[in-house]
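2 protein chains.
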Amino acid sequence: MSQFVKGIITGTFTTLAAIGSYRILFENDNQESASSQTKASETILKYGIPDRGPDIRVYDNHILSYDQAKKTPVWVAEYITKRNIDGPADRRKIKFKSDPNVQTEFSAENSDYLGSGWSRGHMAPAGDNKHSQEAMKQSFYLSNILPQNLENNGGFWNRLEMYCRDLTKKYKGVRIFSGPLVLPTTDENGLHYVKYPVIGKNEVSVPTHLYKVIIIENEKSEPLGLGAFIVPNQPIGFEHSLKDFQVDLKKLERSSGIIFTPKLDTVKIPDLCQIDSCNLMKRDKFELYMIGRKLQGARSLKYLEKIWSEIETKNLTPDSYLINLYNSRKLELTYEEKVVRNKG
Amino acid sequence: MSQFVKGIITGTFTTLAAIGSYRILFENDNQESASSQTKASETILKYGIPDRGPDIRVYDNHILSYDQAKKTPVWVAEYITKRNIDGPADRRKIKFKSDPNVQTEFSAENSDYLGSGWSRGHMAPAGDNKHSQEAMKQSFYLSNILPQNLENNGGFWNRLEMYCRDLTKKYKGVRIFSGPLVLPTTDENGLHYVKYPVIGKNEVSVPTHLYKVIIIENEKSEPLGLGAFIVPNQPIGFEHSLKDFQVDLKKLERSSGIIFTPKLDTVKIPDLCQIDSCNLMKRDKFELYMIGRKLQGARSLKYLEKIWSEIETKNLTPDSYLINLYNSRKLELTYEEKVVRNKG
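Heads up: the sequence lines are chains A and B, in that order. Under our numbering, the first residue of the first sequence is numbered 1, with each subsequent residue one higher. Under our numbering, the first residue of the second sequence is numbered 1001, with each subsequent residue one higher.
Be aware that one or more of the hints could be misleading.
[As the list claims (entries may be wrong)] Here are the simulated DSS-like cross-link-like pairs (lysine-lysine), alpha carbons at most 25 Å apart as the crow flies: (1) Lys294/A - Lys263/A; (2) Lys46/A - Lys1263/B; (3) Lys1251/B - Lys97/A; (4) Lys39/A - Lys1302/B; (5) Lys250/A - Lys1046/B; (6) Lys302/A - Lys250/A; (7) Lys39/A - Lys1169/B; (8) Lys1195/B - Lys251/A; (9) Lys201/A - Lys1263/B; (10) Lys82/A - Lys1251/B; (11) Lys1172/B - Lys1097/B; (12) Lys46/A - Lys1097/B; (13) Lys1250/B - Lys97/A; (14) Lys130/A - Lys1130/B; (15) Lys250/A - Lys1243/B.
[What the hints assert, rightly or not] Counterexamples of contact, computed for chain B against chain A with all Cβ distances above 10 Å: (16) Tyr1059; (17) Gly1115; (18) Lys1170; (19) Lys1220.
Since the hints were made in silico from the structure, they are not lab data. Note that the structure is predicted; figures quoted are calculated from it, not measured. No residue lacks a Cβ here, since even glycine has one placed at the ideal position from N, Cα and C.
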């Protein structure tokens, strides 16, 4: 029996059948059509079904679908709890690299990004993988990355990711889908068009927007709230709230062509921003947080002092944690540099 | 046993597994990873795999993959023989319509095209379905259609389709893949970008280019020649030959993200344009052919005479077939109009 014959189900309705590992829709509203279509399948696709790569790629802590034409993910799915956001994994030991599981001809490379003016933006964030060095390493594969405006990546989007992690402290689990969009705009002549850059020799597509769908779940793992957001891939200042970018999930589904949770009736789930605040971290707190991260990463006294001077420039008030961090890093670096001097 | 557990195959290599009707790549290079990934799959995709629609849609004489975001096909596959290109099917009895098998929210509508300045371009051509009214009807579903420049649609692309049909007279079978591309261009500042219009309320994407892959087969159904072509979605005059648009299949695969014939080693197949001519129909013959089609479709004497006058305007020499066609249509229409006058 051929690979196709066994999939044919005749009937008075169009049939969705699974054959091998493909989902195939037969337009067979009668016996005659069904017979034609069996024949059509066998002859037309004699050399296999045109292949756009695996439907999904499974990693330790995220799952994604990859776009072999755009050389970016289509969607990246995560489910995080407070277990994931704390732990020993260290991003400084990890470098971005091409995903070894993506065929070379369809893969992005670091060289596509370097010097392009676009940063490498994680969809499943590194910080959602603190529990495992291996999971964090996989989040640096370029299959999980897209060209993102640097200020957006380190600013608004970063705060959105931090908000998702904060949700794990209040709710048992947080389900997240992230990915790129290319949305149309209208020019002065009323022409409706899509325009986006491509970078590097692999012509990696730079999305005009990024999306996130967030679902919070209660102790019984039931959905408590859902929010869908479409964020322009450009700098977004502190004057904007997350709610400014909230959209109806249906709108995101139509633009992306994706039904994110086929087995969940999302219509009945309350608005995330009604259940929780949807407030991102405020400017002062965020600036202090970023200074803290830079202090931790400082590798010279000179750089440490430069970072610390931002406190004054930006008119911030450090808390005792930050002051202690500064003092201990200063001691460490003073000692390290003395050792180097004595050796030299 | 859960839907995912049974799919896990542990081993020292990344594993491609078929689970349900999805092709899933596991990044499990060790037992520990495999175990994490089983868990990840179950929790992360608790509400199903994000759905972009069936992988393929099977009709009587063509098979396609549909892009729910762009509202056009991704690829359309056909296998035609001389049996398909002759017969009683009549396109005048058929109207374009939304594909009843595509979910409304992801479907294009006729209203998207009307007044947009773009014609409805078939990927599987109506003329490849002369053997069956039903198959031809299915080729008018908008799932098989994309916004195409009118002059391209009726001109160069039409001649390319006629060339494919002509090949069935010389070779046992012709295998064809057609579809849209959005390719980058470079502006005066050296910025590399993709730009394309979207039309109508469903924002149907207008491709910058169209592609065709053509494989001719011998009596044993073995591939004899292969050609890949990328044609700009704009008017293309008679000064261009088909070879001007020929590309290496690998280049098309990289741009589209598609391996068209996964089970066929295409590298060893000779160039179609070496085996056959790749010569499209010349201007005079094509103009006469188009006049013939218009004469057949004429519904008034006035229109018939207007068409016939093109012979002189365009300085063409009609053959006896065309002269006979003109005379018989003239008799028919004279009779019909006399009947109407007498009734009126």
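Evaluated hints:
For the suggested pair Lys294/A and Lys263/A, the alpha carbons sit about 43 Å apart, so the restraint of at most 25 Å is broken. With a C-alpha separation of about 8 Å, the suggested pair Lys46/A and Lys1263/B falls inside the 25 Å cut-off, and the hint holds. Note on Lys1251/B and Lys97/A: the hinted pairing holds, with a Cα-Cα distance of about 24 Å set against a maximum of 25 Å. With a C-alpha separation of about 46 Å, the suggested pair Lys39/A and Lys1302/B falls outside the 25 Å cut-off, and the hint is violated.
Restraint check for Lys250/A and Lys1046/B: the C-alpha separation of about 20 Å stays at or below 25 Å, so the hint holds. Proximity of Lys302/A to Lys250/A is assessed by CA-CA distance (about 51 Å); at most 25 Å being required, the pair is judged violated. Restraint check for Lys39/A and Lys1169/B: satisfied, since their Cα atoms lie roughly 21 Å apart, inside the 25 Å limit. Between Lys1195/B and Lys251/A the alpha-carbon distance is near 22 Å, which keeps this suggested pair within the 25 Å criterion.
Between Lys201/A and Lys1263/B, the direct Cα distance comes to roughly 28 Å. Violation of the 25 Å bound is thereby established for this hinted pair. Of the supplied pair hints, the one linking Lys82/A and Lys1251/B is violated, its CA atoms being roughly 46 Å apart against a limit of 25 Å. Restraint check: the Cα-Cα separation between Lys1172/B and Lys1097/B comes to about 32 Å, which exceeds 25 Å; the hinted pair is violated. The hinted pair formed by Lys46/A and Lys1097/B fails the criterion: a straight-line CA distance of about 29 Å is larger than 25 Å.
The suggested pairing of Lys1250/B with Lys97/A holds, with an alpha-carbon distance near 24 Å, which does not exceed 25 Å. With a C-alpha separation of about 62 Å, the suggested pair Lys130/A and Lys1130/B falls outside the 25 Å cut-off, and the hint is violated. Annotation: proposed proximity of Lys250/A to Lys1243/B is violated, straight-line Cα distance about 45 Å (limit 25 Å). Not every CB of chain A is more than 10 Å from the CB of Tyr1059/B (nearest about 5 Å), against its label as outside the interface.
Non-interface status of Gly1115/B relative to chain A is upheld: no Cβ of that chain comes within 10 Å, the nearest being about 13 Å off. Listed as a non-interface residue, Lys1170/B keeps its Cβ farther than 10 Å from every Cβ of chain A; the least gap is roughly 19 Å. The claim that Lys1220/B lies off the interface holds: its Cβ sits roughly 13 Å from the closest Cβ of chain A, which is beyond the 10 Å cut-off.
Of the numbered hints given earlier, the model fails hints 1, 4, 6, 9, 10, 11, 12, 14, 15, 16; all others are met.
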